[in-house]
Structures are given as C-alpha cells and as structure tokens.
Amino acid sequence: MAVNFVLTEARDVSAGDPLGRRWVGWDATATDDEMWEINRGVWKLGDKVDRERFATLSYDGRVQVVAEIDGRTRHDVGGVTKWALTGHVLRPGDPVHDALKGTPAPRHRNPVGYFDTATLDSMPAAQRAVLQPRNPATMIATWNPKKWNPDNWAEEVYPSNVETVGAGRVLRGRWSTGNRKSDIEPGDRIFFLRQGMEPRGIVGSGTAASRIFPDEQWDDERAGNDANYVLIDWDTLLLPDEGLPHPHLIAAIPEGGGWAPQASGWILPPAAATKLETLWAQHLGQPQPLPQRGASRQGWQMDPVRRRKVEDAAQDRLMTYYRDLGWDVKDVRHGNPYDATATKDGRTLWLEAKGTETNGTAVIVTHGEVQWAREHPGDCILGILSDVTFLPDGEVDPAAGNFRILEWNPDNGTLTPRNFDYTPPTTTDTSDTDLAG
1 MAVNFVLTEA RDVSAGDPLG RRWVGWDATA TDDEMWEINR GVWKLGDKVD
51 RERFATLSYD GRVQVVAEID GRTRHDVGGV TKWALTGHVL RPGDPVHDAL
101 KGTPAPRHRN PVGYFDTATL DSMPAAQRAV LQPRNPATMI ATWNPKKWNP
151 DNWAEEVYPS NVETVGAGRV LRGRWSTGNR KSDIEPGDRI FFLRQGMEPR
201 GIVGSGTAAS RIFPDEQWDD ERAGNDANYV LIDWDTLLLP DEGLPHPHLI
251 AAIPEGGGWA PQASGWILPP AAATKLETLW AQHLGQPQPL PQRGASRQGW
301 QMDPVRRRKV EDAAQDRLMT YYRDLGWDVK DVRHGNPYDA TATKDGRTLW
351 LEAKGTETNG TAVIVTHGEV QWAREHPGDC ILGILSDVTF LPDGEVDPAA
401 GNFRILEWNP DNGTLTPRNF DYTPPTTTDT SDTDLAG
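Heads up, the sequence shown stops at 437 in the working numbering, and the numbers go up one at a time, no gaps.
The reader is advised that the hints may include incorrect statements.
[Said to hold, decoys possible] Cut-off 20 Å, straight-line C-alpha distance, at most; resulting in silico cross-link-like pairs (PhoX-like, lysine-lysine):
{"hint": "1", "residue 1": "Lys181", "residue 2": "Lys101"}
{"hint": "2", "residue 1": "Lys309", "residue 2": "Lys330"}
{"hint": "3", "residue 1": "Lys309", "residue 2": "Lys344"}
{"hint": "4", "residue 1": "Lys44", "residue 2": "Lys82"}
{"hint": "5", "residue 1": "Lys330", "residue 2": "Lys344"}
It should be emphasised that the hints constitute simulated quantities derived from the structure, not laboratory data.
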C-alpha cells in the first residue's frame, strides 16, 4: 500500500505554521522536491501509515510526486495531533517513480487515502538500484520575432535581459514549449533558437526550473486556449548578431534537420545534444568536453533570497579583505562583468566574488566575466566563499565557510560549458603573488 495526499490549488497559510511554510497545495511551476517539502505535512494520520513504504501527491486526478517514506514527525495544531512525513523524492529511472507518476490517482473522499502497491513494496532495493537513472533531455525553445514581438520586446526587453545575464545575475523566465506537454524535468538543458529573420541561430542557453505547465495563451489568434510553458533559468543570453549562426548549426549538426523546427519543444537526439554543447562552448570561447554525470558543479540555489545572501556574504568578505590592506574598494556589481574595484598606488584590481553552499570545487562564471578577465590579465581577482551555512534566523553564519582568493585567470583552471563552470587550479593561495599589495 501507499499513502496518497490529494492536493488542491496553492493557497497561503497563516503565520505559525508548524513547518514554517507560507503556502501549501499544488503549484505547476514547483519542482518535485519543493512540492514534497511543502505538502508532506501536516495531515491527520493513523498508525497505518507506519506500515507504508511510499507516499504520493496527486492533483487533478493524477499522481504528480512519488516519495519513499522513512518516518514521521508529530505536530500539535489547535489541540489536534497531526503528522508530517519524512522521506525523499524518487527520480525518473527508479521503477517505483516510473510505475506511479502520471497514473490515475485513487479516488477517495478524504484528502488522505491508500492504494495497492504490493508489487512495488516487495521489490528489493538492490533491484531498484541497478536500474539506470533518466538521462537529462535537451530541448530547443524557439523564438520568431516576426510572430511574437509584443511592445517591442525584441528591441527593448530582450537586450535588457542580455545585460542582466551578462552581469552575472540569474534570470528566470518562462517560454512556450509548443505542443509538448511532458518529458521535461527540472535540470534539463534548454537552448534558445532565434528563427524567422536574420540573424538566425542559437542565442541562449539555460536550465529547466520546472516541469511543463499550462497557462494563458500567448498567441492572440488562439485566445481562449491554454498554451504550454516551462520555467527557465537562463545562464547565457546573446544579442542576435553575437549568436551561434544558423549555417554553422546545419554544417556541424546535420541531425538538426535544417534547424527549422515548426515550434518550441523539440527535444534533440542525444548525439546532436552533445555536439551542440561542444559547439556552443566553442562559440563562447572555450571548447571543453561535457562534465561526467555527477561531476562537481556549483549548482543554482533556487531560492533567490537565500542565493542573494550567499552572494552578498562572499562579496563582503572579498571587499573587506582588500579594505583591510589599505585599498580603496568600491561596489560596482550592477551592470559590470565584475563585482567591485580596488584601487591603490595608481593600480586598479577588478574583484569578482562567488559564494556557494557547496564545497566550491567549481563555481559558476558568466561569458562576460570570462571575457573581461581574459582582457585584463594579472589584474582580476576571484574570491570564493564555499561551505556557507545559515543560522536559525535565516542569516548567513559569519563564522562559517571557507574563503579563498586567487588570481582570476580563466585559462588557469578548467572551464566547463553551462554558461561556464570554473574549476580553480589546486594551488590558489594569493600569498604567492603580489595581488594583495
């Protein structure tokens, strides 16, 4: 048996929620992990749940999230005992996930119910572990300015977006997936293809931040019908005349069938996706093979408030370091491919700060940051604050983290395309240089 929780549309919750939530329910743009964390409690549950191995979240008559249970916690709400489950979300490739996700949910009058999963319950963990995980998909999102350019979006909004991403800030947007309604999961790769008018070609890349969801139609001629969308975290956006040209795509990746899809939502064959990653990396200035699955990467922190606090902590640490050494330090992070300048005795250093809650083996750098560092060799500094932790009040722990300062030379280390992941060389102590002054 598995326990199933029926979700309704997302709604706000009052202050004092036992799990500290601000909302509960179904949000089509949330990831499976976010949906589980929000909706794993609090519920009225009997002892029967202790015998169950799996839990599902369902919405609109379908199983949407599948998790494996490892316990439950008690919460007293208004004098009533309720429970929250603990466990982890199952991924595509796990036979339990694949057997349950998307299937019709059991019909029951209460929001909590059970359904038979005896065959899955008896499957040994070893049998599940040997199955291969789902391979990430690569999707082409298309844009034809002849068909869609509301309020001069191409001339005014898009260049601003290019500047935002080029300055190293995360830009999350949504884009149509045409007729495609499924087969895209958070973390999948997305490329942005400009069509219709010259210059044509790939002008952007990013990562899916949601599954595909329906919303109001973007095409006025089809008003009244929903369109399909996906949220995208853009890591690279280029102006059209800087893009990867259409003729290059045709010549290098003939599997693209002329690179003229009728609509967004085209998923590339794996071989073509690999070629495109390499071609894109070359176009951005640094050919490198794709990292192996599971390789160390910084990864986006999806909570924008938390991410900003980590970035601010890294920049404060770097600026303070140089101020303490007598440099005149200015914060110029907005609109520039560096975060701060440090001036002393007629010399200027360009400071770039990176903060991460990971071990900092690799950090995300943008095309603009790489280009600036290459154009100013010997005068660019990279400060990396890794292993950042948070205090109970939600603020960064100022006593935690590992801080490193190194000369920012993109070619002294390893650049891996995403926009770029930069893996610093093993020797990064600036005490061996004169950069600190």
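These are the hints, each one checked on the structure:
Taken as a hint, the Lys181 and Lys101 pair is honoured in the structure, with Cα atoms around 15 Å apart against an allowance of 20 Å. Distance hint between Lys309 and Lys330 is fulfilled; the C-alpha atoms sit about 19 Å from each other, no more than 20 Å. Our distance criterion of 20 Å between C-alpha atoms is broken by Lys309 and Lys344, whose separation comes to about 28 Å. In summary, the hint linking Lys44 to Lys82 is supported, as the alpha carbons are separated by about 5 Å, within the 20 Å threshold.
A C-alpha spacing of about 12 Å is found between Lys330 and Lys344, which places the hinted pair at or below 20 Å, so the restraint holds.
Hint check: a violation occurs at hint 3 only; the rest are consistent with the structure.
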